[in-house]
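Q: For the record, the sequence lines run as chains R and A.
If you read the first sequence in my numbering, its first letter stands for residue 1, the second for the next number, and so on.
If you read the second sequence in my numbering, its first letter stands for residue 1001, the second for the next number, and so on.
Be aware that one or more of the hints could be misleading.
Stated by the list, open to error - Computed Cβ-Cβ distance ranges for the label pairs, DEER-style:
1. 16/R with 1113/A: 31 to 39 Å
2. 1586/A with 28/R: 18 to 26 Å
3. 20/R with 1181/A: 22 to 30 Å
4. 70/R with 1113/A: 33 to 41 Å
5. 59/R with 1390/A: 42 to 50 Å
6. 1509/A with 70/R: 49 to 57 Å
7. 16/R with 1108/A: 37 to 45 Å
8. 164/R with 1182/A: 46 to 54 Å
9. 84/R with 1043/A: 55 to 63 Å
Stated by the list, open to error - Derived PhoX-like pairs (lysine-lysine); straight-line CA-CA distance at most 25 Å:
10. 1340/A with 41/R
11. 41/R with 1183/A
12. 66/R with 1190/A
13. 66/R with 1195/A
14. 1340/A with 77/R
15. 77/R with 1301/A
16. 1340/A with 1301/A
Calculated from the structure, these hints are not laboratory results.
C-beta: ideal position from N, C-alpha, C; glycine also.
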Amino acid sequence: MEPIRSHTIAVLVDNEAGVLARVIGLFSGRGYNIDSLTVAKVEDSRNLSRITVVTSGTEMVIEQIKAQLDRLVPVHKVQDLTIDGPSLERELALVKVVSTGEKRVEALRLADAFRARVLDSTAQSFVFELTGATSKIDAFIDLMRGLGLAELSRTGVVAIQRGAGSL
Amino acid sequence: MSQNVMTGAEMVLKALVDQGVDTVFGYPGGAVLPIYDALYQQEDIKHVLVRQEGGAAHAAEGYARSTGKVGVLLVTSGPGATNAVTGLTDALMDSIPLVCLTGQVPTHLIGNDAFQEADTVGITRPCTKHNWLVKDIKDLPRILHEAFYVARSGRPGPVVVDLPKDIQLTTGVYTPPANVQHKSYRPQVKGDLNKIRQAVDMIAAAKKPIFYTGGGVVNSGPQASQLLRELVRMTGYPITSTLMGLGAYPASDKQWLGMLGMHGTFEANHAMHDCDLMVCVGARFDDRITGRVNAFSPNSKKIHIDIDPSSINKNVRVDLPIIGDCGHVLEDMIKVWKSKQLRPDRAALEAWWQQIDEWRARDCLRYRPSNEIIKPQYAIQRLHALTKGPNTYITTEVGQHQMWAAQFIGFEEPNRWMTSGGLGTMGYGLPAAIGVQMAHPDALVVDVAGEASIMMNIQELATAIQYRLPVKIFILNNQYMGMVRQWQELLHGNRYSESYMHALPDFVKLAEAFGAVGLRCDKPDALDDTINEMVSIKRPVLVDCMVDQKENCFPMVPSGAAHNEMILGPEDEAHRDISAEGMALV
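Here chain R stands alone, though its shape is the one from the complex (with noise of 0.2 Å):
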């Protein structure tokens, strides 16, 4: 069996109506796995929004995916970030605590320890504001299980190309 491996990819799109239907709807349909998926319009002059999608798959699925995705009539170009060499990978969250004492006290602690901002205060809660890698957030959110964790909000991830090369 050939290995499974995550791909993070850019998808640069006609910001129009039914874009992310027919990208979702490619990713159900031929039954290819969605691990995160992030949407937003990037250049308001040509009206292109930009999807970064996190899938998972062997080689051959994955150059399938791609190939799927780049015949997509409102696709204008597609950029697999884990092979195009080197990349930025970051996820925002907001992650709602709640509790009192000295729990209260260990999670404003960790929270400063992984520099997250604290959005809003009550006597009872917190709600902070991480950003970062998966693997922190992951890493943070498993900290605050003890001590509260209420809510958590993810954005999914974003990526981009390191250096001056862009898509």
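With the hints as your guide, set chain A onto chain R.
A: Relative to chain R, chain A alone:
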């Protein structure tokens, strides 16, 4: 300027004319009435009223496949659009260029569950190459021209333009098609020359080569078929083709091995299995072709020419992919072959042909003839013998009769064979024949059918009558869904669950009720006369040909088996066990 100011409905017709459309297949309804009204007031475009929107889609497919042009259908919102979905999916699977215009409820009602509202772009997104919902009259001319561009460019396919009724009634400015590059969709048509050189070297060096070609050659246009013939003859190599590719290479040629795949010939499948070089031109290694993938042609190098990059390495890993239009790539290959003055390895080729001739000698399409009962294979052989010619077009439904037609009708030219390959849509053949006949009024168009399939779109006989289209329906009537029964025999202990056709109509009377001619034949010695009579009548004719009920379609690569594990006939069948994995395959 003022002559370019018109309603959306008029723009639709203007765009069709500017795109070279002469025929539209359709069915009116509330949400397309403005377009039908505009249609009524012009003479450039012929409209063919089908009897169900599914028929419009298949008729447009038949029109497109037999002409190389884009087929157009026009249907209403809601059920009009959903009825067309099967035909759209069929066209997507077989890469047939279609533009489907659907009416839609007015924009302010979209999302309100209005009468005859359906989310047409949502429903058709996975079964089209692309689709558009027009929300502003300013976008309409651009979208219409873009629709034709997308449908016919690259790997062809169906597109949908969903037209809300208020847009059809709004006035705007029409712009004619312009030669502007599409902003994102620009398929590569020229192949990489370095790869082409490499491919030609591999072809020249091969000892046991085979050309395996598909519908891509037909889609590329008649020129591609000519180039294929030139290259194949220059090399002297054997050639086989998929169901979709029949006709690109003449069946009468000595280098032709017949169709390959599940019901392909023994020699084609064995040559595929044993070859050392496979040159795949415009085919996609689908499961009907490969059999068990891990046993597929284990010792060959594979070259794959395809215009669609997503076809490469999808099912089978290839050694040298060339992205491009078959016609362009074949042309470059021939140039390179000539400029390098290459010669095939004569000795190796002779040994290879000797091996192939041994496989041929198995005479895999033989069947037990009969004087009492019409063998379906014999019926097709006689049909072919008595109707062959460059002006004969064959369509089929889906099932045993389709495979027999593919095996026994020798096609000499492309675009003469219309069949539902990828989707396997029963009910395709009659409407497709209507589409073909509209495009070729003087041609002989025969729908080779089964008694089960024909019932799926029999209503289209009324269309043939209305437009005086002399299509012929040749039913191989075995009173079973033959292919279903064949699989039940092979896999399910002869338990014929729901595959017997109870309560069949009297097809002769049925034809007569529609205003067509019905003929029945149940004796081998009356067959020729019946076929000749069918051909001589310049009206729609239905032939109810009663054939051997028990005959099955061979040879066969059973599901889950390899190319060299074919079943040659009923005697062979008993000794083959199908694996559990094979049982699960379709």
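Q: What are the numbers of the hints the structure violates, in ascending order?
A: Of the numbered hints given earlier, those the structure breaks are 1, 7, 8, 10, 14 and 15, listed in rising order.
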